[in-house]
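Undergrad: Using the supplied hints, reconstruct the complex from the two chains, each of which is provided in its own coordinate frame.
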Amino acid sequence: MSAQNKKSSYEHLQEKWVARHKELQEKIRIKHKESLEWVAKNLAPKQLAVGSLGGLLLLASPGVSLPLPHQLIATNQEASSAINKNAFVVSDLSHELPNEVRPLTNEEEQKVLQVLSRDFDFKLAAELDGKRLNRSYGFIGQEQHLARFPGDSLSSHFDSEEEAQKYSLEGMAPGLGAWGYFAPSKEQFTKKDSLREKYYIAVQTFLAPGFLDHVKDYTDFFKYRKMLVVNPNNGNAIVAVIGDAGPGESTGKHLGGSPEVMRYLERVDGSLKGPVLYFFIDDPSDTILLGPVYLDK
Amino acid sequence: MKKHFYSHIVETSSLTLSLGDMELSQEERIHLVSLVESQLHHTVLDAVLSELSEEDKKIFLKHIALSEHDKVWELLHSKVKNIEEKIQKAAEELKKELHNDIKKAHEKGKTTL
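Protein sequence lines correspond, in order, to chains C and X.
For the first sequence, position 288 matches number 288 in our numbering, and the numbering has no gaps at all.
For the second sequence, position 110 matches number 110 in our numbering, and the numbering has no gaps at all.
One chain only, chain X, in its complex shape (with noise of 0.2 Å):
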């Protein structure tokens, strides 16, 4: 998996063991994991551009586009007060709704036996 430049606060362990408890073939499993981390990644984004200017956003793109992590920590840390705890905000409320997804899902399955 990717490291992003939030990796080291944004903790995603649970939800894959989540579905690796679930009956999934490989390339269900993959798909279904790679949808986590995308969903995760927009809703980063967007909680940390809706916090930037206009002229900050695409310093800050630019930073992620590089993958200069450094530059991305430093611009967010001069410009927006407690920014990890906006992130893990974002990131929780997000992880709380695919949570709720994957126990909606084994019922929906339980229900179609």
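The shape of chain C in the complex, shown without the other chains (with noise of 0.2 Å):
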């Protein structure tokens, strides 16, 4: 599409709709005059600015004639600078979301799933091959680096100085992830090893409903299976895999994503922990990379 036929499309629709906009306004202002003046007599000023109707009842002041969305929208400095394909995520989520942070029904499920798979072009399942984690979307914590062959450590972890000066803060875990080594020997260690601990979260395996009934069935099933994880606020999604089990029950968080996974999603542990959404990815060709996924590219 050429720049002048951008343009004309989105000129021809803003036209339209600003002016739909005004007669929508204007039939209001006709028609509900007498309740919008004692609302906007009777109301803190205040308590009008923030609701529903804090620009609608300027429509009860004579003369005076209501902003129009880009124009309080361009006041907001944060909306502004964060708009991109991840505020259709943002938006289309928010849709369907709860309020709170709580395990999906099954139609929620269904919901944000029919959202996800649209936005991000992924064949995305809650669950696949008869096998689904305790839930879909809750709080992520953060996890520390994990050793991908014997002998790894901090010094020898990271690609650059640059990495190593980004996430070494988190540190290395004291012990293995629940597959062990990502590789048996630093000889033997490869790209895709590398990105399956840069790019890990640790879920609730053990939470899954029949975990305890298949034990070895779904701990294979589990080991670095593909994930999108998304973070319904700001629309960042991250292609990881599964690479350790947990964090307990009595954390309050229902999984842990690696420095590097938490750094692209804006997500931090502790007080400020938020929720992200997570499901598996239908790859069986493993034709999918991991990491970051970009809407715009």
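Simulated from the structure, these hints should not be mistaken for lab results.
Mixed in with the good hints, there may be bad ones.
Once the Cα atoms are required to be at most 20 Å apart in a straight line, the calculated EDC-like pairs of lysine to aspartate or glutamate come out as [to be verified]: (1) X:Lys-86 to X:Glu-107; (2) C:Lys-31 to X:Glu-55; (3) C:Lys-111 to X:Glu-97; (4) C:Lys-31 to X:Asp-46; (5) C:Lys-31 to X:Glu-51; (6) C:Lys-16 to X:Glu-92; (7) C:Lys-22 to X:Glu-37; (8) C:Lys-226 to C:Asp-193; (9) C:Lys-22 to X:Glu-107; (10) C:Lys-16 to X:Glu-93; (11) X:Lys-86 to X:Glu-51; (12) C:Lys-27 to X:Glu-107; (13) C:Lys-192 to C:Asp-282; (14) C:Lys-16 to X:Glu-107; (15) C:Lys-31 to X:Glu-54; (16) C:Lys-41 to X:Asp-56; (17) X:Lys-58 to C:Glu-37; (18) C:Lys-22 to X:Glu-54; (19) X:Lys-58 to C:Glu-26; (20) C:Lys-111 to X:Glu-54; (21) X:Lys-95 to C:Glu-15; (22) C:Lys-33 to X:Glu-51; (23) C:Lys-16 to X:Glu-27; (24) X:Lys-108 to X:Asp-21; (25) C:Lys-226 to C:Asp-286; (26) X:Lys-58 to C:Glu-15; (27) C:Lys-16 to X:Glu-68; (28) X:Lys-79 to X:Glu-97.
TA: Okay, here's the thing in structure tokens:
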């Protein structure tokens, strides 16, 4: 599409929608004038500024025209700087997710899956091969780096000095991940192993329905299983593998992310912890790359 | 996006996805999404207000201004029969128009090449 074409489509839409927006305002102003004036007079301005009526009630004042939505948004630096396709992910998810962080109902899960599958163009599932996790929406906590092969330490762990500076603070986990080392030796360690450790999550495999009855079967299924992890508050998404089991139920967290995963998702641990969505990626041919998913590319 | 009292019964992802398919700058996209949200908001408010008496309109607007969604629904359920359906009908009619607008904008864009 050419720049001229793009501009024309946008201008055509915005012209029509601004006109309709003004018509709607005028219609409401005339039809419901008395009640709008009453509320404008009887509620404190501070209450009106943050509610759903903040702008609408300006209509109750003669001679005042309501700012158009983009004029309001232009004053919001945070909104205007974060406008990309992620905004659509955030918008779509906001209509489907509950206000509190809890396990999703089957219906909610399906709606969320529909949105994510469309937005990210992956084949996603809450249940694969008859297996599912205990939940698909929960609080994520910070994990540490995992030893990738015998002898791996912070001094050998990073590909560059820049990476080391960025990610070494989280330190190495004292033990191994649930599947042991990613490679049996440094010589046998591959790029794939490196990416698996870099982009790993820990999930509560032990709480998966049916896990205790079929431990080996479930363990084999979960080992390095690809998942899409999405921060519903900023739309950031990353393809990760299940690299460890945890966290414990008593922590109040439902999964953990490697330092690289957490950094990209812009999630932190502690009192400021936040939720993510996590679903299996059905990728039997192993063609989907691990790491951040950029919607604008 | 702000959660409104009707957010759980009015789905807008099909519109935001349609806009996401267009090649727009970031500012253009957010502008159009904000216009969608605002048109829907005004349409839903008009649909609800049109069902209420003058006294109930004031109570409703007060609850909305204070984001007291439970009280909004309590009032609406006690005063208006099938209010959810009425809200959805008004929203669906507008959404249909908005989808048509997007389709026409695509076509118009093609003819300007």
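Undergrad: Run the structure past the numbered hints and jot down the numbers of the failing ones, going up.
TA: 1, 3, 9, 12, 18, 20, 26, 27 and 28
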